[in-house]
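Work the whole structure out from these sequences, hints included.
Protein sequences appear in the order of chains A and S.
Mapped onto this note's numbering, the consecutive letters of the first sequence carry residue numbers 1 to 496.
Mapped onto this note's numbering, the consecutive letters of the second sequence carry residue numbers 497 to 819.
No wet-lab data here; the hints were simulated from the structure.
Be careful, since some hints might not be right.
[What the hints assert, rightly or not] Among chain A residues calculated to face chain S with C-beta under 8 Å, some are:
#	residue
1	199
2	203
3	336
4	407
[Stated by the list, open to error] Result set (EDC-like, lysine to aspartate or glutamate): computed pairs, CA atoms no more than 20 Å apart in a straight line:
#	chain 1	residue 1	chain 2	residue 2
5	S	754	S	557
6	A	345	S	703
7	S	770	S	557
8	S	797	S	612
9	S	529	S	779
10	S	809	S	703
11	A	138	S	711
12	S	769	S	557
13	A	134	S	711
14	A	161	A	287
15	S	552	S	766
16	S	552	S	737
17	A	459	S	670
18	S	754	S	703
19	A	345	S	711
Idealized CB from N, CA, C, for every residue including glycine.
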Amino acid sequence: MHYIIDAFSTIFTPMGLLLNVVGVVLGILFGALPGLNGVVGVALLLPLTYNMHPSFGLIMLGGLYMGATYGGSISAILLNCPGTGEAACTALNGNPMARQGRAREALGYSVLSSGFGGLFGVIIMLLFTPVLAKFALKFGPAEQFLVCVMGLAVVGSLMGKSAAKGFFSVAFGLILSVVGMDVTSVNYRLSFGNMHLQAGLDLIPISVGIFAIAEMLSLLTNQVTGNLISEAQDDYKPMAVVKELARRWQILLKSSIIGTIIGILPGTGGAIAAFISYGEAKRSSTERKQFGSGAIDGIIAPESANNAAVGGSFVPLLSLGIPGSATSAIIFGALTVHGMVPGPKLFNEHTDVVYALMLGLLLSVIIMVVLGMSGTRLFTKILKVNVKYIIPAVIALSIFGAYSARNSLFDVLVAIVFGVIGLVFKRARIPVAPAVLGMILGSMTEQNLRQSMVIASAKGLNIFAYIVFRPISIVLLVLIGLLIIGNLKTNLRGDE
Amino acid sequence: MRKVVVAILSVLLVSTLLFAQGRGERDAQYPTKGIQFIVPYAAGGGTDSLMRLLAKAMEDELGQSVTIVNKAGGLGQVGLTELARAKSDGYTIGALSNLDHILVLFTSDNVSYDYDSLEYLGAINTTANIMYANTKNTGFTSVEQMLSYAKQNPGRLTVSISGKTHLAEVALLEQATGITLTPVMQSSGNDSLKAILGGHVDLAVMDKNFVAQVEGQGVVPLAAFSDERVVPVTDVPTFHELGYNIATETYRVMVAPKGTPAEICTLLTETIKKVSSTDEFIEKMRNMSENYRFLDAEQVKARLDNDYRAVEKLLEEVPGAFN
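Encoded structure:
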């Protein structure tokens, strides 16, 4: 108990508070700028933490991670430029809502559901880490493969009117994920002897291109002038947003649970959490007809899920030493530099630091919600800026972001090429979200399937039996079935 | 407000270009400007963490910034390609991991540099990989138990590995003992850890740092791929002392592009030696579970030559070792 009191006194010292606020503010900024994200932000700030007390360092990095996960939704909603996969789903409904003049309302839903999800994930982490870590270990290649299949089944919710175009888009993403070194056989595929392609395509330049640059090119070619949104009529009432959210507690809770679970599974992360909960929300929501044109459930489901995944991703990190996401992998480095070995002994040997991180994250969520709620007016000011300033600024930032992901000029080229591809997709009315989904899940799906095949054949088992006859697999198969049936029903009824 | 932020950022971005403009001539008092330090691996990994520590210390000593730039991909090939063709003026240096470097030279396509495209400045650490077993599933607590089972059941045992170095180590082990294992390739050491902790594979080849992490979780280290016992896990035997001559060792080498003036290379080696040999630095390395061992330019080249010949020999005897 005294550890909790100690931790509280650490996070509420002026230094602790300041670093937390700095972390969250930088996080929101990194998340909101297209092309930058939590991974980049945490990597940049990591060296600063070397000379800090580990608790303070972790408080700042945790705040940054939390803030960045929410920040992505700001540019997704206002500019239709989600910089990362995490906010890709949010743009689908958030931006249409903003275009209806309800930008502040959309931002309100986003920050409050992010806050709810964030709190949920952190509280679950606080209370159940050891149990959940054991659960996470049960997910072997077979189970992970089925989780990926479940993610891919979400494509049905993303494809809009034409199933053919949706499948084309996801197939395009899957092919992109194959480029580079095949992890299983250690051979290059689709690299055409090009060194840069051998290194594989990175998700950041592609999503920056296909979302942000394509959106700007589209504004250019449509010869949009003046403001993005003609008249931002605003009868925004924060209390009404809170009430609306409270009415939708079921979807918030469900998405937060999905987000936390996906976050706990090592190697996944907020983007997959957002996609799966978006698919599930669309399947079960009463406003499924409005999905794609400003559905509230379409904002709150992915936003609560991706922030819930933050807390979840710390579960395997703290208890087993296995990071649950790319960002927590870098935070791992912040622990080891102070000589702390993430794993079962961490809780006993460095209880103070672990609790400071966990409780610090709780405070980060609160800071994030306060900043996000009071910032809605400020953020929406960008809608009053003339597009002729917005277009070059977004393109410049996108190119900077694409470069900074791997410090590669080749990635800048990739971003530009995918900007053009994204524009073609828009013109041909092919949805881009499925392509990003395919790109995120492709290599993970393949690798887990092939690992299952290698292990099954070494043990003399049939691959089908190896994957299916496991308790978790059966549950996952049922969920996959439900998602597919739900999508088929909506599509057959034609009430997209 | 947002406009202001964007404007400030734009100005900052543009202003970095001013600094990017290098000076034409090499000043007598090298370094006169910031040094770019290419790490050919992703941020957050073992090489990256150690090099960030070193870069920080070099920065304090040299009085100029030493900026880590991560250029990950292809076992270091992407970053090293960039480094090999960078200006050899001492303002671009980098690091590599010995076996990855050599394996790329032997097995990758379109490598635009070769073994002699780099000046090898020195090394500051040494580490080794260890073979681990999941005791809950297999009952193995020693190499002998593992070998006798593997001999009776060829191909039955699955071993998690990540990267070509591990593949080479498994191939060397198979060659030395006559067993057959089934490698299960993972994307990272953490994925290997998860697979073996969860009992999804029987064995794993992972860094010595995982010994502390697996303690008390039903996973035990069997033996190290090294000729001497590895600090701090000195209770783990080596394959070498068990009678199998498979000693691979991993160390990170600081490098500069070929043609970097000898006096600059010497200065860099001396700087690395000076900043890394302080108690504080060694303590920080120990916190990261890194063992300090300084090798100067000549010593590191001799080590690399040895590794080079070992890989050459393996590929002569088992041409399919990496397929």
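Structure versus earlier hints, numbers of those that do not hold, lowest first: 2, 5, 9, 10, 16 and 18
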